[in-house]
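Engineer: Okay, here's what each chain looks like letter by letter:
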Amino acid sequence: MKRIKRRYLALQLECDVVPAEREFIDAVWAAVTKLYGEVGASLTGLALISFDLERKVAVLRVSLAALSMVRASLATINGIAGKETAVYVLGISGTLKALYARTQ
Amino acid sequence: MQERWVTAMTRAFADLHLRINPKNQQATQQLITKAARFSYRLISIPFSSKLSEAELAKLKTTCSEAGLDFVSRADFYPRSENDLTHFLRKFRRRFEVICITCDNKEVARQAAKDRRVDLLNFPSLDYHKRFFDRAEAELASCSLAALEVDVKPLLILEGPPRVRLLTTLRREVAIAREFKVPIVVSSGVSEERLMRLPRDLASLAFLFGLDEAQALDAVSTSPAAIVARNREKLSSRFVAPGISIIKEGKPS
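Order-wise, the sequence lines are chains X and S. The opening position of the first sequence corresponds to residue 19 in our numbering, with each subsequent residue numbered one higher. The opening position of the second sequence corresponds to residue 44 in our numbering, with each subsequent residue numbered one higher.
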């Protein structure tokens with residue numbers, strides 16, 4: 019079986035009130051599902067790797083094939099849990115080590 | 044986190060449509076600061092025809108202090124062909140970018156034909172008023188006008204209206220590519236919170252059928268080419284396309 023290629027995304031949240039980890043990943047899933055439906059969302063292989071409340075930085079893992087879909091979905095997020103929030107992609111990498119090195 | 048979110052490569056990113064009232068100084072300053080932080084190189088705030096030179100000069104200074112290149116732009120909503128030609132005759136030489144929002148077919152066709160028009164924009168929500176079809180694209184490809192797509196509606200709409208908008212945009216972008224009409228993706232935002240990083244802006248273009256390279260061109264090289272072309276035309280050394288004064292001799 020062919021190995022699934024993945025990418026790690028470092029995300030910067032811009033908000034006054036930092037959402038909880040659960041609220042954040044729910045908002046990401048909701049954005050992906052809204053744009054691509056449940057079948058599309060199931061192809062993304064989305065997973066939350068880390069969520070730094072202090073720096074407002076989250077790291078997501080997605081499948082390489084669905085990277086463009088996830089990026090577009092993230093750009094459409096305007097609010098999380100009723101609070102105005104924007105999500106920006108700080109960096110994308112194939113390994114967590116390289117991603118952390120870039121975003122430190 | 045970095046003070047300025049450097050977006051890897053050395054592309055000069057542009058957002059030619061920040062829809063803010065330049066008279067609101069605080070909001071304008073915030074938007075300019077954010078654009079600089081997001082590594083935009085060129086930004087533009089549309090003016091109405093009532094342009095104050097002092098306001099324009101002030102904006103240019105504020106932008107250059109923030110490390111941005113300010114592009115003067117005028118948006119116009121003509122009601123007829125005559126209205127359009129009158130506007131172009133009056134304002135073409137005062138602005139670096141001219142955008143025409145086409146409200147009817149007569150205006151859309153004339154704007155696509157006229158070489159003085161840089162950007163063609165269409166009302167996002169009224170699908171009956173989006174006249175960018177094959178005939179329009181053919182005219183635009185001869186006159187070098189570009190199709191401008193604002194992403195703001197994609198950020199604020201949900202459900203069926205967004206679906207309809209995406210369908211329309213996908214069709215228009217396919218036609219534009221077929222006729223080699225440049226596509227410019229702008230934010231069209233009026234609020235700071237809706238601003239996106241240039242690459243995030245480009246990623247939204249994926250939704251209406253542009254691949255990564257084309258989307259990045261639509262937020263960098265395409266708008267920059269329009270600005271460079273018009274700056275050359277507006278310079279005092281310009282004679283005709285491809286001809287400019289390099290050195291002036293002394294009369295003997």
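Among the hints, erroneous ones may be present.
The list that follows gives simulated cross-link-like pairs (lysine-lysine, DSSO-like), each with its CA atoms no further than 27 Å apart [what the hints assert, rightly or not]: (1) 195(S) - 52(X); (2) 101(X) - 195(S); (3) 101(X) - 77(S); (4) 293(S) - 74(X).
These are computed hints drawn from the structure, not numbers from a lab.
Engineer: Are the hints correct? Go through all of them and say.
Structural biologist: Hints, one by one, checked against the model:
Distance check on the hinted pair: residue 195(S) and residue 52(X) sit about 17 Å apart at the alpha-carbon level, within 27 Å; holds. Distance check on the hinted pair: residue 101(X) and residue 195(S) sit about 19 Å apart at the alpha-carbon level, within 27 Å; holds. Our distance criterion of 27 Å between C-alpha atoms is met by residue 101(X) and residue 77(S), whose separation comes to about 20 Å. Proposed proximity of residue 293(S) and residue 74(X) is contradicted: the alpha carbons are some 64 Å apart, above 27 Å.
Hint compliance for this structure: hint 4 alone is broken.
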